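**Q** Sequence:
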Amino acid sequence: MARLTKDDWVQFGLTILKTEGYSQLKAGTLAKRLKVSRGSFYWHFQDLSAFHAELIAQWQTVSENMVSALGSTMNAQQKLQFLMSAALQADFELERAFRAWGREHIDVGLQIERLDRMRLSVVQSIIEEEIDEPAESESLAKFAYAAAIGLTTLGKDKVGLDEAELGSVVRALFGKENPSRGI
Numbered sequence: 121m122a123r124l125t126k127d128d129w130v131q132f133g134l135t136i137l138k139t140e141g142y143s144q145l146k147a148g149t150l151a152k153r154l155k156v157s158r159g160s161f162y163w164h165f166q167d168l169s170a171f172h173a174e175l176i177a178q179w180q181t182v183s184e185n186m187v188s189a190l191g192s193t194m195n196a197q198q199k200l201q202f203l204m205s206a207a208l209q210a211d212f213e214l215e216r217a218f219r220a221w222g223r224e225h226i227d228v229g230l231q232i233e234r235l236d237r238m239r240l241s242v243v244q245s246i247i248e249e250e251i252d253e254p255a256e257s258e259s260l261a262k263f264a265y266a267a268a269i270g271l272t273t274l275g276k277d278k279v280g281l282d283e284a285e286l287g288s289v290v291r292a293l294f295g296k297e298n299p300s301r302g303i
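Numbering (the numbering used here), first residue to last: 121 to 303.
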């Protein structure tokens with residue numbers, strides 16, 4: 121077998137987290153599954169905490185990349201629809217697995233809280249582009265973010281929301297007219 125890279129370990133760890141849960145994220149367990157020695161693991165990671173930090177960092181990078189992909193020529197509705205659409209395409213199982221891990225381990229939970237604050241801040245800043253009232257934009261941002269997290273709990277198979285429906289939801293959030301209903 122070829123030598124495993126740090127990224128190989130991280131990707132395998134994310135797969136195990138998603139399919140089997142955080143309790144299986146142990147050096148010995150992972151090494152055995154990959155049919156390599158634990159030394160291979162420790163070649164890339166100082167300890168299990170460092171490995172866990174890499175998993176969390178990888179997950180956070182996905183969110184940061186979504187935000188970076190927002191086009192500067194997009195208006196607020198387009199930005200919010202882009203993010204909500206990306207949320208519908210996201211790996212729901214991985215999001216749920218991280219949140220389950222965070223409920224049991226305070227250090228992971230703190231990282232999730234930090235990511236939630238960043239995501240919520242982005243959503244609120246987008247809404248503030250259209251709505252000047254801080255209290256209203258904050259409430260709408262919380263609602264939109266809670267809806268996105270709720271989608272991860274339900275799962276893709278139960279949501280059944282297409283792009284047109286998502287557009288209607290975003291327009292309603294901004295209080296804009298819905299051309300399909302003639303209002």
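Calculated directly from the structure, the hints in this document are not laboratory data.
Remember, predicted model here, so these are calculated numbers, not experimental data.
Heads up, some of the hints might be wrong.
[What the hints assert, rightly or not] Below, computed lysine to aspartate or glutamate pairings styled on EDC-like, alpha-carbon distance capped at 16 Å:
1) Lys296 - Asp236
2) Lys278 - Glu213
3) Lys146 - Glu184
4) Lys138 - Glu249
5) Lys152 - Glu174
6) Lys278 - Glu174
7) Lys155 - Asp128
**Q** Of the numbered hints stated previously, which ones are contradicted by the structure, given in increasing order?
**A** Of the numbered hints given earlier, those the structure breaks are 1, 3, 4, 5, 6, listed in rising order.
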